[in-house]
Amino acid sequence: MSVEQIATSLPIVGGKTDIQHPLGPLTAGEITETARLIKGLWPSNINLQFKSITLQEPNKAELIPFLAAEHKSQPTPTIERRSFVVYYIRNTDKLHEATVNLSSGKIESNVRLGPNVHSNADGEEILMVEKIALEDEHVRAEIAKLQLPEGTVVISDPWIYGSDGINEGLFTDDKRMFQCFLYVRDPNNASEADSNHYAMPLTISPVISAETMKVTRIDILPTGVDATVKQPSPYKIQPPNEYIPEAQQLRTDLKPLNVIQPEGASFQVSNFSEQGHNISWQKWEFKVGFNQREGMVLYDVYYAGRPLFYRLSLSDMNIPYADPRHPYHKKAAFDLGDAGAGIMANNLQLGCDCLGSIHYLSAVLSDAKGEALDMPNVVCIHEQDNGIGWKHTNYRTGRAAVIRNRELVLQSIITVSNYEYILAFMFNQAGDVMYEVRATGILSTQPIDEGISVPWGTVVHPGVLAAHHQHIFSLRATLSTRLPSQHLVVTISITMLTEYSRSKMPPSKILSTASQ
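Mapped onto the UniProt record's numbering, the consecutive letters of the sequence shown carry residue numbers 1 to 516.
Here are the in silico distance ranges between beta carbons for each label pair:
id	residue 1	residue 2	range
1	Asn91	Lys236	37 to 43 Å
2	Ser233	Ala193	27 to 33 Å
3	Asn110	Lys369	15 to 21 Å
Honestly, the hints are just simulated from the structure, not real lab data. No experiment lies behind these values; they were computed from the predicted model shown. Positions of the beta carbon are idealized from the N, C-alpha and C atoms, including for glycine.
All chains should be built: construct the whole structure from the sequences, respecting the hints.
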């Protein structure tokens, strides 16, 4: 498929990069200053592991008068800037939450959370867990039993425990642990770094403590119809199942499809702070922020001068897996809480993720050391044609009137291990706002004996099982408190009571009920 992708440089209209709006995402300077203040609480020999440094949004009582004055172009009240911090004392279970007043340079709160409260993983930690799993001598001894061909590359996929807190001793799951699932690249093409290792799962699964960064045990995975495990034996090499384009027989009869906007895009982008952006398009106006956990956040959404939403974001998603056997029953990811939609966001300029006349938004987040981390091109803004919006033909004259359905799309794509999620806010000219999620990527797989089937999964390749699972998304939508009335309207179709006989189609009517 041939496409045209144009990155646009839209004029920044009324940009305000010299001041910090209360809703503006943290700047690089604010992130490093926050980390400096938190580090100052501890002796210099204490090493901290920062999980998140993000904006502490003002409460509504402060923010609503500010936004109201802003819309009226009146002087706005001063609101102090604050950051919210989640961090560990490294190599301990001592998790803290803190609030830093950036305006005064003071720490307002610093609280250690309970022992069973765990934070998200971070990129540095995940890479370390992968390394430890593959270098442990006991893990290597188990892998040796598989008699893999010389030069075979083993891959580790760490998963945060989905803990139910019921196990004790060696199998305790109230600690912060990683369950690593192992795979191999195609041994006949081991130098290909992008080989699909999910087509070749192994039966060995090390468990690593996030506190000690050591292997605490090695699970052997069940591969039959029940929870019975068999000791590792020589691995049977299966045919590869690759996804990279050069390993595919692609179609050759597809003609080019170009998405071209010769006069550019119809939307405007401006800065309301150094890292925050205003978007205006077809009577829509709103602010866009970005943070580590939620990724895109929309604020102060207006249509045709009417306030609709105070705040819009994806809150979290849960992916429970159906295999009831140990240790698979612990596969229950919360991808925003366990990882983060912001920190896992793709650089969208690297591929054909968006088409047409595109404007990219970048972000600044924090890393495990408390330093600013540049996240380029994490949101792409573009317009798309979504078919016919309205049409009518006068059959007497044969004249047709047609209006196309133009949409504005704000899109972010995240990669969480094997899965990709395409997350998009979509606006149209009829006043609708939609949130679309597309799940793509690769299935998380596990080994299965050949010739059998189980009710909790599907065999997708020889010796490979993909367990059934769900994707449950939670969208946080806060209506504007400046709406004329706060009513939930429910529309129900009911049958009208008439004198017609029951043998005839009864008419119906629509009732709308509103509740405060």
